[in-house]
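Asks: From first to last, the protein sequence lines stand for chains A and B.
In terms of the numbering used here, the numbers along the first sequence are unbroken and rise by one, the last being 403.
In terms of the numbering used here, the numbers along the second sequence are unbroken and rise by one, the last being 292.
No wet-lab data here; the hints were simulated from the structure.
Hints may be right or wrong, so weigh each one.
[Claimed, not checked] Selected chain B positions facing chain A (Cβ under 8 angstroms, derived; list incomplete):
(1) Gly44
(2) Gly45
(3) Pro75
(4) Met83
(5) Pro101
(6) Gly155
(7) Ala239
(8) Gly246
(9) Val252
(10) His272
(11) Val274
(12) Ala278
[To be verified] Covered by chain A, per the in silico footprint, the following chain B stretches (three or more residues, Cβ under 8 angstroms):
(13) 134-144
(14) 157-170
(15) 218-229
Predicted, not measured: the structure shown is a model, and the values here were computed from it.
Built from N, CA and C at the ideal position, the CB exists for glycine as well.
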Amino acid sequence: MNLHEYQGKSILESYGVAIQRGVVVDNVEEAVAKAKELSASTGTEWFVVKAQIHAGGRGKGTVEETGSHGVVLAKGIDKVEETVKGILGGHLETAQTNGVGKKVNKVLIAEDVYYPGESEPSEFYMSVLLDRANERNAIIYSTEGGMDIEAVAENTPHLIFKEEIDPRVGLQGFQARKIAFNLGLSGQAFKEMTKFVFSLYAAYEGADSSMFEINPVLKTSDNKIIAVDAKVTLDDNALYRHKAYAAMRDKTEEDPMEVEADEAGLNYVNLDGNVGCMVNGAGLAMATMDIIKLSGGNPANFLDVGGTADAERVEKAFRLILQDKNVEAILVNIFGGIVRCDRVAQGIVDAYKNMGEIPVPIIVRLQGTNAVEAKALIDASGLNVHSAVLLQEAADLVKSVLS
Amino acid sequence: MSVLVNKNSKVIVQGFTGSEGTFHASQMIEFGTNVVGGVTPGKGGQSHLDRPVFNSVAEAVEKTGADVSIIFVPPAFAADAIMEAANAGIKVIIAITEGIPVKDMIIAKEYISQYDTTLIGPNCPGVITADGAKVGIMPGFIFKKGKIGIVSKSGTLTYEAADQVVKAGMGITTAIGIGGDPIIGTTTKEAVQLLMADDETEGIVMIGEIGGNLEAQAAEWIKEHGTKPVVGFIAGVTAPAGRTMGHAGAIVGGEDDTAEAKKRILRACGVHVVDSPAEIGKKMAEVLGVTA
Numbered sequence: 001m002n003l004h005e006y007q008g009k010s011i012l013e014s015y016g017v018a019i020q021r022g023v024v025v026d027n028v029e030e031a032v033a034k035a036k037e038l039s040a041s042t043g044t045e046w047f048v049v050k051a052q053i054h055a056g057g058r059g060k061g062t063v064e065e066t067g068s069h070g071v072v073l074a075k076g077i078d079k080v081e082e083t084v085k086g087i088l089g090g091h092l093e094t095a096q097t098n099g100v101g102k103k104v105n106k107v108l109i110a111e112d113v114y115y116p117g118e119s120e121p122s123e124f125y126m127s128v129l130l131d132r133a134n135e136r137n138a139i140i141y142s143t144e145g146g147m148d149i150e151a152v153a154e155n156t157p158h159l160i161f162k163e164e165i166d167p168r169v170g171l172q173g174f175q176a177r178k179i180a181f182n183l184g185l186s187g188q189a190f191k192e193m194t195k196f197v198f199s200l201y202a203a204y205e206g207a208d209s210s211m212f213e214i215n216p217v218l219k220t221s222d223n224k225i226i227a228v229d230a231k232v233t234l235d236d237n238a239l240y241r242h243k244a245y246a247a248m249r250d251k252t253e254e255d256p257m258e259v260e261a262d263e264a265g266l267n268y269v270n271l272d273g274n275v276g277c278m279v280n281g282a283g284l285a286m287a288t289m290d291i292i293k294l295s296g297g298n299p300a301n302f303l304d305v306g307g308t309a310d311a312e313r314v315e316k317a318f319r320l321i322l323q324d325k326n327v328e329a330i331l332v333n334i335f336g337g338i339v340r341c342d343r344v345a346q347g348i349v350d351a352y353k354n355m356g357e358i359p360v361p362i363i364v365r366l367q368g369t370n371a372v373e374a375k376a377l378i379d380a381s382g383l384n385v386h387s388a389v390l391l392q393e394a395a396d397l398v399k400s401v402l403s
Numbered sequence: 001m002s003v004l005v006n007k008n009s010k011v012i013v014q015g016f017t018g019s020e021g022t023f024h025a026s027q028m029i030e031f032g033t034n035v036v037g038g039v040t041p042g043k044g045g046q047s048h049l050d051r052p053v054f055n056s057v058a059e060a061v062e063k064t065g066a067d068v069s070i071i072f073v074p075p076a077f078a079a080d081a082i083m084e085a086a087n088a089g090i091k092v093i094i095a096i097t098e099g100i101p102v103k104d105m106i107i108a109k110e111y112i113s114q115y116d117t118t119l120i121g122p123n124c125p126g127v128i129t130a131d132g133a134k135v136g137i138m139p140g141f142i143f144k145k146g147k148i149g150i151v152s153k154s155g156t157l158t159y160e161a162a163d164q165v166v167k168a169g170m171g172i173t174t175a176i177g178i179g180g181d182p183i184i185g186t187t188t189k190e191a192v193q194l195l196m197a198d199d200e201t202e203g204i205v206m207i208g209e210i211g212g213n214l215e216a217q218a219a220e221w222i223k224e225h226g227t228k229p230v231v232g233f234i235a236g237v238t239a240p241a242g243r244t245m246g247h248a249g250a251i252v253g254g255e256d257d258t259a260e261a262k263k264r265i266l267r268a269c270g271v272h273v274v275d276s277p278a279e280i281g282k283k284m285a286e287v288l289g290v291t292a
């Protein structure tokens with residue numbers, strides 16, 4: 001599950017990580033009053049207004065309605081209202097939003113932290129994540145903060161460092177010191193950074209995260225180390241023990257069809273092809289998408305119906321797939337093991353009859369337990385359903401209905 | 001021979017009396033697996049499916065001599081169940097449970113590394129040796145005895161591959177479902193190594209998917225040490241980047257874990273890669289010169 005910046009920062013703060021402070025608003029009316037409250041505690045009247053959407057590249061992104069960027073500096077309390085108006089409620093398109101603007105329902109009004117002082121501010125990159133190859137957590141960090149880390153990895157890989165965490169003992173002091181040294185810090189900033197690393201790692205572990213990316217980590221002109229941004233992904237499988245974090249889920253950031261599928265207990269991912277599919281098992285579902293492509297179509301979705309493909313679930317899945325107007329055909333691919341194919345076939349026939357007319361051809365491939373009985377049942381139903389037993393037959397049928 | 005499990009394996013079921021445990025334990029018994037008992041803390045002393053129930057794995061091992069355990073314990077308690085099995089001396093631990101938090105699995109995998117034990121899974125369909133033992137949730141009748149070993153991250157796709165191999169006239173030795181989670185006990189490479197060392201296995205089907213680098217690791221090993229033909233399929237050519245496709249581990253993070261990149265690596269290492277999942281059995285028959 002992905003979090004908004006302000007939510008990630010609230011978790012960081014609860015673990016003692018120093019953050020760029022801010023207030024969240026969802027309406028313009030509150031913005032100025034909240035900004036005033038913020039400046040009373042921070043002492044600065046310069047603010048950064050940041051769109052809260054689940055996508056990176058906000059600073060360079062553009063709000064479709066106003067032309068404003070997604071992250072804007074407001075140099076004074078009198079500029080707050082106008083700045084918020086330029087972002088809130090608009091649709092922000094960034095390099096990561098796949099060509100469509102994302103609705104901005106909330107903005108974070110944060111303190112400006114790039115104030116002048118005894119030293120130059122400097123930006124670093126730091127993330128904690130699961131290193132799958134080594135099966136342990138790792139802290140990735142770089143002196144090149146505030147920019148696209150993929151580009152840094154591409155152009156200057158020697159400026160990216162990795163520190164692996166031994167699960168038996170956790171993060172050790174020498175590791176935190178090594179990170180601070182490698183980032184070129186000394187004196188007060190060095191001490192602050194080791195503390196920052198420990199708190200960040202504690203937050204990552206404590207929240208059962210899959211990723212905590214802080215870009216940039218800022219050394220301020222008065223040698224504080226703070227998190228200016230936070231991109232956080234939590235482990236869905238661990239949400240049961242973090243009720244407060246589970247409640248942070250923002251369904252408006254998700255595809256409405258995927259939310260609907262999730263509520264029906266279907267594992268569904270919306271894609272932009274022309275052939276819908278319904279499959280039991282994640283691996284077979286991906287393989288089915290691939291065979292659609294090989295047959296000259298493009299998959300319209302990923303859909304794993306799981307172990308119980310009864311009439312109710314099949315109908316729900318059909319209705320979901322048919323909401324997508326690009327769908328020209330549906331391929332059902334079920335490998336019956338424990339679940340009997342004739343039961344699934346009956347489910348398909350019942351769902352079809354219940355829905356009346358289905359406007360696209362349906363190809364049903366049932367293999368495994370009672371596959372022959374299942375094919376007979378489909379063939380005798382008189383419905384516009386093509387049946388197959390072998391996977392290759394199903395692929396050929398997809399090809400023929402598309403041509 | 002066969003690998004991991006056979007008709008002499010003494011199998012216990014952790015989470016024996018729950019609905020999943022009960023259903024699949026009875027299916028395994030029907031297949032002919034030597035299920036010697038089960039564990040449900042607090043229900044020790046009772047009898048279930050005509051087998052004894054124990055309070056702990058240690059007690060089950062002491063009383064029955066069990067050497068294999070299959071785990072159906074709910075996700076919140078499954079990592080603990082894996083560690084308990086290793087600590088009690090179980091040699092092959094097969095964890096079916098889906099949805100174990102990654103943090104728990106990092107600790108469990110580290111903990112069991114000090115024991116002489118092999119973990120399969122979690123989030124897997126289990127292991128089946130044709131005519132020997134089914135320690136898993138797969139439909140046993142598909143896996144007719146033969147000479148091909150299967151290693152796979154996926155459940156139903158394993159059944160699909162086994163069905164094709166059997167229909168192409170070759171049959172199965174052992175099929176190992178290694179699981180679809182980011183952290184799993186036995187990797188693709190380790191499972192391939194087991195089958196390469198097995199006298200009965202003449203060819204190996206290796207089924208992977210997007211995410212991680214397990215298939216590439218296995219392919220590098222096959223290139224150096226492989227002695228039998230390997231047919232490979234990687235699911236998810238059409239999967240979009242950054243999205244989790246059902247399995248928690250099936251997510252494209254970068255260039256190297258896409259299906260296309262993995263297939264390239266596999267081909268360069270001498271694996272017979274098929275683009276279509278419908279051609280797994282056909283390809284294996286062709287490579288081995290078998291006519292159905």
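Asks: Hint by hint, say whether it matches the structure.
Replies: Results for each hint:
| no. | hint | result |
| --- | --- | --- |
| 1 | Gly44 | violated (27 angstroms) |
| 2 | Gly45 | violated (30 angstroms) |
| 3 | Pro75 | holds (6 angstroms) |
| 4 | Met83 | violated (13 angstroms) |
| 5 | Pro101 | holds (4 angstroms) |
| 6 | Gly155 | holds (5 angstroms) |
| 7 | Ala239 | holds (6 angstroms) |
| 8 | Gly246 | holds (3 angstroms) |
| 9 | Val252 | violated (11 angstroms) |
| 10 | His272 | violated (17 angstroms) |
| 11 | Val274 | violated (10 angstroms) |
| 12 | Ala278 | holds (4 angstroms) |
| 13 | 134-144 | holds (count 5) |
| 14 | 157-170 | holds (count 6) |
| 15 | 218-229 | violated (count 0) |
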